[in-house]
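With the hints as constraints, model all of the structure from the sequences given.
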Amino acid sequence: MRFLFKTHYNQDIDHLKHGGDRFWYGLLLVLAAAAPAALGTFYLGELNLVMIYAIAGVGLMLLVGYTGQVSLGHAAFLAIGAYTHSLLLGAGLPFLLSIVAAVLVSALVGAGVGWIALRMTGIYLAIATLAFAMLTEQTISRAEWLTGGFRGLAVPRASLFGMPLTQGWQHYYLTLTLLVVTLFAALNILRSSTGRAMVAIRDSEISAESVGINLAVYKTFAFALSAGITGLAGALFAHRLGYLSPDAFTFLISLQLLLMVVVGGVGSMRGVIYGALFIGFLPQLLAIARDTLPPRIAQAPGLEPGIFGLILVLVILFEPQGIFGRWLKIKSYFQLFPLYRRATHRRQKTYLRTERLR
Amino acid sequence: MSYLAVTDLSISFGGIRAVDDVSFEVEEGEVFAIIGPNGAGKTTLFNLVSGIYSPDAGSVRFAGRDITSLPAHRIAPLGLARTFQNIELFEHATVLQNLLIGRHVHRRSTAPSHLLFLPAVRREELEHRRRVEDVIDLLELAHYREQRIANLPYGVRKVVEVGRALCLEPKLLLLDEPTSGLNPEESEDMGFWIEDINRDLGVTVVMVAHDMGLVSRVAGRVLALNEGRVIAEGSPADVQKNPAVVDAYLGAD
Ligand SMILES: Nc1ncnc2c1ncn2[C@@H]1O[C@H](COP(=O)(O)OP(=O)(O)O)[C@@H](O)[C@H]1O
Ligand SMILES: [Mg+2]
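Protein sequence lines, in the order shown, are assigned to chains G and X. All you need for our numbering is the position in the first sequence, starting with 1, plus 70. All you need for our numbering is the position in the second sequence, starting with 1, plus 1.
These are calculated hints, taken from the structure and not from any lab test. The beta carbon of each residue, even a glycine, is placed where N, CA and C say it ideally should be. Where hints are given, some of them may not hold.
Stretches of chain X that chain G covers, calculated by requiring three or more beta carbons in the stretch to come under 8 Å of a beta carbon on chain G [to be verified]:
#	region
1	67-74
2	78-86
3	98-107
4	111-123
Okay, derived cross-link-like pairs now, EDC-like style, lysine to aspartate or glutamate, Cα gap no bigger than 20 Å in a straight line [what the hints assert, rightly or not]:
#	chain 1	residue 1	chain 2	residue 2
5	G	Lys-76	X	Asp-138
6	X	Lys-172	X	Glu-29
7	G	Lys-87	X	Glu-147
8	G	Lys-76	X	Glu-128
What follows is the structure, given as structure tokens:
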């Protein structure tokens, strides 16, 4: 076992708490930076996609995992980010400004949705966000004068400070940088009073109110922040797609994003990365599985959403803490060896709360 | 003008008058107890005062301000903190995080500066932490600092909830059955802490309690409720002997 001797409160505030952390995260960053040298175009592209998912995942995790507000409509924010960015880029706005604008527009729409959905929780919120996503999809397909509808919208080429981004590795480094920035911003929020207010709302709204947290303000803020970050992912996603049409942002994408957060481990930013790797490489796994399944099943419509839904339910039932939780258990098994007992991580019974107000 | 003045307060839930024309006043620096059988309306009264419910009629004044129609999150910054009968902690957060959340009303920086975690934010965090550590020392919670609430025994949770309320640095503290479910030793400690909080920190305390031993020890005055109405008010000894109070408790059992 490791004992940490703390000598200053700063150690609890810092992102990297000790030398081991610094070493491992440093190594990870070096590996990530070296990846283009080692990987072929295809896998680099896939890794780029995984990191785009991860950015969206950070956004959704802040909302679902830390504020306790579920969303089945995050594909809409991905779409809003992608379209805003492509349209503004097409109108001649510089690349970085256009990305910032995409984030702001997504955040603004997110704030609106959050504001409208203030009184909703749980399943009602899930349905409301789903409805919002369908509405967005419809709007995009109807507003042909702006979006091209189902004919599609060509995404202008990205360029940074006058230098066109044509290579896979250029996009890879752009995404990597923005992922690191996003993670830092999210972790900064979480270690300050804003993040704590979000956690408070997740765990007990009545207590949150009683310590002075304005539920309306913080829920709306969480929605805006989450939508803004997802919009950023959307802008990057646009370049990956090259051609935007409403059917790139369906319910399946929303489900995938939620799956990422739940499979990775609700309430953990590291879980987002695990979850992103999982959903990033899931299609490949499914493709392999398709080959081995009998054609009647393999070609059945709705196989993918069916499998996503199934995994979602299984994880919630059997490993509610996701991959991150499983990892913690494996780690403590080795740290405590041979003292680990099955009950170490058993969830304690939650005391009855007969007077809960909601 | 009293520190806390509740005047003709009423609220009904589907025909039941849970709080019915209740008036009382609490002076600054007092420990004031509210007793009454289950269902008397004590918790509902706390919910009205702390802004969780808004009353059908009547008014609440606190520190010279009318707070009747203020929502809970606007009342807390005025210096009013509370605990809950059935413990409402942030289950999946640690004790430390719970207490830091209690510092919310004292935040100075805003969300954009949090995104960047500017040096001013770090300074503020260190300041919050020092205040929280004072509360941890006072309530002897150091041993549990890093533990998640979900893993804590009931007795400790009760103490953490009082701690979280203290982190607001309140002027008035509402405690809803602070000793219910505690063993005699834990109850005894809680009694001492309530005295300390009142005497050393100068916090005015209003508490709901069933334990008459505790009430006689720490409270100066007692209000007895039954079926939403005030049935007696006075010193612990007098209220305990009051025939209406005796009847209410006997009738309820
Ligand atoms: N939110 C509510 N909805 C309906 N009835 C309620 C609500 N809150 C309290 N009551 C009712 O008000 C009465 C007083 O309850 P309460 O204040 O919890 O009593 P006490 O705390 O004195 O035991 C009870 O009859 C209870 O059922
Ligand atoms: Mg009660």
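Each hint, compared with the structure:
no.: 1; hint: 67-74; in the structure: holds (count 3)
no.: 2; hint: 78-86; in the structure: holds (count 5)
no.: 3; hint: 98-107; in the structure: holds (count 7)
no.: 4; hint: 111-123; in the structure: holds (count 7)
no.: 5; hint: G/Lys-76 <-> X/Asp-138; in the structure: holds (17 Å)
no.: 6; hint: X/Lys-172 <-> X/Glu-29; in the structure: holds (9 Å)
no.: 7; hint: G/Lys-87 <-> X/Glu-147; in the structure: holds (14 Å)
no.: 8; hint: G/Lys-76 <-> X/Glu-128; in the structure: holds (17 Å)
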